[in-house]
Amino acid sequence: MNFIYTVSNADWGHLLALAPLVVTTALTMLIDIFLPAKARSALVAVALAGVAGSGAGVYMLYQSSGNVLAFNGMITTDHLALFGSVIILVTTFLSLLIAPGYIERQGVAQQGEYYTLVQLAALGMLLLTSAASLMTIFLGIELLSLPLYILCAFSPGQTKAYESGMKYFMLSAFASGFLLYGMALTYGATGTTQLAGIQNFLANHQFTLTSGFGPYFIMGMALLIIGLSFKVSAIPFHAWTPDVYEGAPTPITAMMASGTKTAAFVVFIRLFTETFGSVTAEWQGIIWALAIITTIGGNILAATQTNVKRMLAYSGVAHAGYMLIGVAVANSLGTAGVLTYLAVYALMNTGAFGVLSALEQQIDTNVGLDDLRGLASRSPLLAAAMAIFLFALAGIPGAAGFIGKYTVFYAAAVSGHIELTIIGVLASAAGFFYYLRVIWMMYFVPPAGSSAESESLHAEIISAGGSAAAAKVSIATAAAVALPVGATIALFIAAVGVIGFGIAPAEIIQLARNAAGLP
Amino acid sequence: MNFPILSALIFLPAAGGLAGTLFPRSAARMWALGVSAIELILAVYAGFQFTASGAVQFTEAQPWIPGLGLNYTLGADGVSVFLVILTALLTFTAISVSAEVSQNSDKPRLFYFLMLFLATGIQGVFLAQNAFLFYVFWEVMLVPAYLLVGTFGGPRRTYAAIKFVLYTAVGSLLMLAGVIGLNAAVSGGTGMSFAQLAGHVPANAQLILFLAFAAAFAVKSPLFPFHSWAPDAYTEAPAPVTVMLAGAMSKTGVYGFLRFGAAIFPQAAKQAAPYIAVLAVIGILYSAVQALTQSDMKRLLAYSSISHMNVIILGIFALNTFGLEGSVLQMLNHGVTTGALFIIAGYIESRYATRSLRRFGGMARQTPVLAVVFCIAALSSLGLPGLNSFSGEFLTLLGAFQANAVLGALATLVIIPAAWYMLQFFQGVMEGPESDIIAQPNGTAAARAKSADISFAALLPMLLLIALMLYIGLAPAFLPDRIGPTLTQFTALSGQFHASGLRIIQIMGRQSAL
Chain A
265 MNFIYTVSNA DWGHLLALAP LVVTTALTML IDIFLPAKAR SALVAVALAG VAGSGAGVYM
325 LYQSSGNVLA FNGMITTDHL ALFGSVIILV TTFLSLLIAP GYIERQGVAQ QGEYYTLVQL
385 AALGMLLLTS AASLMTIFLG IELLSLPLYI LCAFSPGQTK AYESGMKYFM LSAFASGFLL
445 YGMALTYGAT GTTQLAGIQN FLANHQFTLT SGFGPYFIMG MALLIIGLSF KVSAIPFHAW
505 TPDVYEGAPT PITAMMASGT KTAAFVVFIR LFTETFGSVT AEWQGIIWAL AIITTIGGNI
565 LAATQTNVKR MLAYSGVAHA GYMLIGVAVA NSLGTAGVLT YLAVYALMNT GAFGVLSALE
625 QQIDTNVGLD DLRGLASRSP LLAAAMAIFL FALAGIPGAA GFIGKYTVFY AAAVSGHIEL
685 TIIGVLASAA GFFYYLRVIW MMYFVPPAGS SAESESLHAE IISAGGSAAA AKVSIATAAA
745 VALPVGATIA LFIAAVGVIG FGIAPAEIIQ LARNAAGLP
Chain B
21 MNFPILSALI FLPAAGGLAG TLFPRSAARM WALGVSAIEL ILAVYAGFQF TASGAVQFTE
81 AQPWIPGLGL NYTLGADGVS VFLVILTALL TFTAISVSAE VSQNSDKPRL FYFLMLFLAT
141 GIQGVFLAQN AFLFYVFWEV MLVPAYLLVG TFGGPRRTYA AIKFVLYTAV GSLLMLAGVI
201 GLNAAVSGGT GMSFAQLAGH VPANAQLILF LAFAAAFAVK SPLFPFHSWA PDAYTEAPAP
261 VTVMLAGAMS KTGVYGFLRF GAAIFPQAAK QAAPYIAVLA VIGILYSAVQ ALTQSDMKRL
321 LAYSSISHMN VIILGIFALN TFGLEGSVLQ MLNHGVTTGA LFIIAGYIES RYATRSLRRF
381 GGMARQTPVL AVVFCIAALS SLGLPGLNSF SGEFLTLLGA FQANAVLGAL ATLVIIPAAW
441 YMLQFFQGVM EGPESDIIAQ PNGTAAARAK SADISFAALL PMLLLIALML YIGLAPAFLP
501 DRIGPTLTQF TALSGQFHAS GLRIIQIMGR QSAL
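In the order they appear, the protein sequences are chains A and B. Going by my numbering, the first residue of the first sequence is number 265, and it counts up by one from there. Going by my numbering, the first residue of the second sequence is number 21, and it counts up by one from there.
A few of these clues could be false.
[Unchecked claim] Quick partial rundown of chain A residues pointing at chain B, CB under 8 Å, derived from the structure: (1) 372; (2) 451; (3) 673; (4) 693; (5) 773; (6) 774.
Keep in mind the hints are simulated off the structure, nothing from the lab. Since the model is a prediction, treat every value here as computed from it, not as a measurement. Glycine residues also receive a C-beta, built at the ideal position from the N, C-alpha and C atoms.
Using the sequences and the accompanying hints, generate a full structural model.
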């Protein structure tokens, strides 16, 4: 087999979305050397400019027409890739806005490294969404993972942070191993690493479980599912999620939670719904089961948490379950549902983590349920923002999360998987409990030490909600929360987006449908 | 020319409430009162513009989510137009008696915003003309109701709010499954509009879809045995919130039963009707007996309200002329009467800082005017002829009797406990020897102020409702002209509907007036 590698000038144009970030990443490192330590927080502007530039690149690619494949079928800039890229860029943008106040509070001295790594991780995610070959997929996964290993352990002197980084590294390395093995087997079975080639091969060749290339291919698919399930934190490959999310700096958690998830789900769709679309029967059952376990398990696990960050981590698992429902139905409607879900999830989830990072600037430890008590009296706007994000995550209409749920569940029902709709809907009921518990802490419970009544009420809530750890009351939680400018802007954007897309979702749904190849 | 009056009715409260959060705290109440007054004027105006025919009027239609084939369609028919007026009226009265709640809280602006936001959700449910939009507004009600009970309620507010939200959430998530199932079951392009759904839901899917919807309606109404959140929420919530919950929000449940049961899933409703009727009868009697044994006046009213709501459900699932007409009338009457009673109870509670019936007695000597108002409201509740509830309840029970004599007879028994607990409540508080808290030692200014009768300002919202009780009781003819044709349309499918029962009311009304 001869392989001719040619690069045309037109190919470079397909890197429009990546190029600005590459430039600003290099610039960040360069400028960092010359800046005095005090001024390094200005580097965030460079990173933001890079993200904005990439956004402009995505827009230009969206406007251009013609061949979407480039570099010998390694990279694609189809609407699916661009839709995923936009989500990742928005998440990165918000995460960067939240970051300055947070990392200063955490005493991070190496701000240059921080912003460099964030941009590199974003680049990996972007590459992953544009990947049209197994090689580029692996490249993207590694490029996003390596910076994140470091970023997870970035808070100096915190054991939890080291645990987070180490755990993510160890388990993620395993998952990458599975993924690489799966790719090797798939390549062995089909003779090509290009997704289009694999799709073509599968359409023209019959196989069974025991004959021909069948065994290698099936095993390869199973290993690919394991590797990707790890990245989207589907049960039973989710165990790393709460510990890593808890220990990582909160802006990084926000970025991982929706950025990595978006990139991994785009690959999921590209590999399974599209490339393996002609052999749906071989893999649909596994994803179907994963979706059910993840939806139910994630919600149950989230309901038992008293640490808000861990609760959001498990709720992220539950949301991955809802999205897997969209993958499990294995058609374009499901894809459109997953993409819509990813878009709204990025806003509401990043918003919720943004509120947490603002709170963490006030207290030293991770935010427990108890630290939110009386937030509505102390910081009404912050509490209102958090309430909006939580109602959205719970799936109340009027906020964007509902639109995501509806499109996914609707896809399942129309595709004849009404059981997935029912399981998803019932599992959301558990979601109401744990999201609204946070709201009740913020709104129903007076701030610490505000009145004598609060103590008895508090006891009642502990008995009702089962939060024994909530017994500690810190003085800091009686004061208003100071909000840095960047975080304020980020929360405002996220809240307006959540409400806006909740009320007028037509555009985003249409874009998601186009990305999925629907009219 | 084409002013979107229904959109205005829906979004004016929420937009006004949101704007109100920008004002200083002291202005919050007057602003909210103004917004709700405009809402009421707008609703009454729509009521006068509404022509007496079965047609859906003031329709608005906009594409909303073309990708999913969903539209934003609104419209008012003879049932919803009155429920909209009722909601606007109760919002206005509830806000006008909210002074104390907002003064005692550090979040008055939040309170008024949530009250108005709740009104938006309720109006939306009544005016939506497709199942998706109906569901959206249905869930929108949940958020403010949860926050209102939990933030501004009594000592057990957290418990009440959580119980409320879990019951309601499970119900409405089942409805979400129903909406999605309905969307998948009917062929595309309908946008799930009510007009196109009626008669087009496949028979084999009707029952399961109806049950999914019914779960939500049963919780909200509340139908026995899904009612147990209601006594807690109604009792713990401050009086104005209870007025909104029991007076207006509960109607969305029975409206849903009527809308989806009678019109969209007629076969399923017919199949399920006997079972629901049995539950309703149990609910009627059980709640009435519960009301007899309560020592907390708001809890008593809560159970009384549940009992009457079950009468309405029984009327709907009689699925005949009398039952349906009576239940629609009762929806309005129940809102007015329950609203008035909860306002009175709230006033008494704030005056004496207790709701325990044992501690009251002989109040009428100090507050003769309040006693008269209370007496009329109580008589209205127990269904005295000449007041509003009589004709509605009479027709409802007549319909139930026609559908099933045994159930009808059993349900009619409720008259006994209903009169008993209501008179016991009234007499216990107003008549007899003066109790300790009423006969306070003279001297302090506060005590003297207490012994004064109700002020005119506090009386005004009650009088508004009392006037309506008398008006509907004596001259109810304007109702049948508009409700009748709509119901004929609703139930045209079952082919057994003749707008005749309402004629009886017209005649009865004329005779009472004479």
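Do the hints match the structure? See the list:
no. : hint : result
1   : 372  : violated, 37 Å
2   : 451  : violated, 37 Å
3   : 673  : holds, 5 Å
4   : 693  : holds, 5 Å
5   : 773  : holds, 4 Å
6   : 774  : holds, 5 Å
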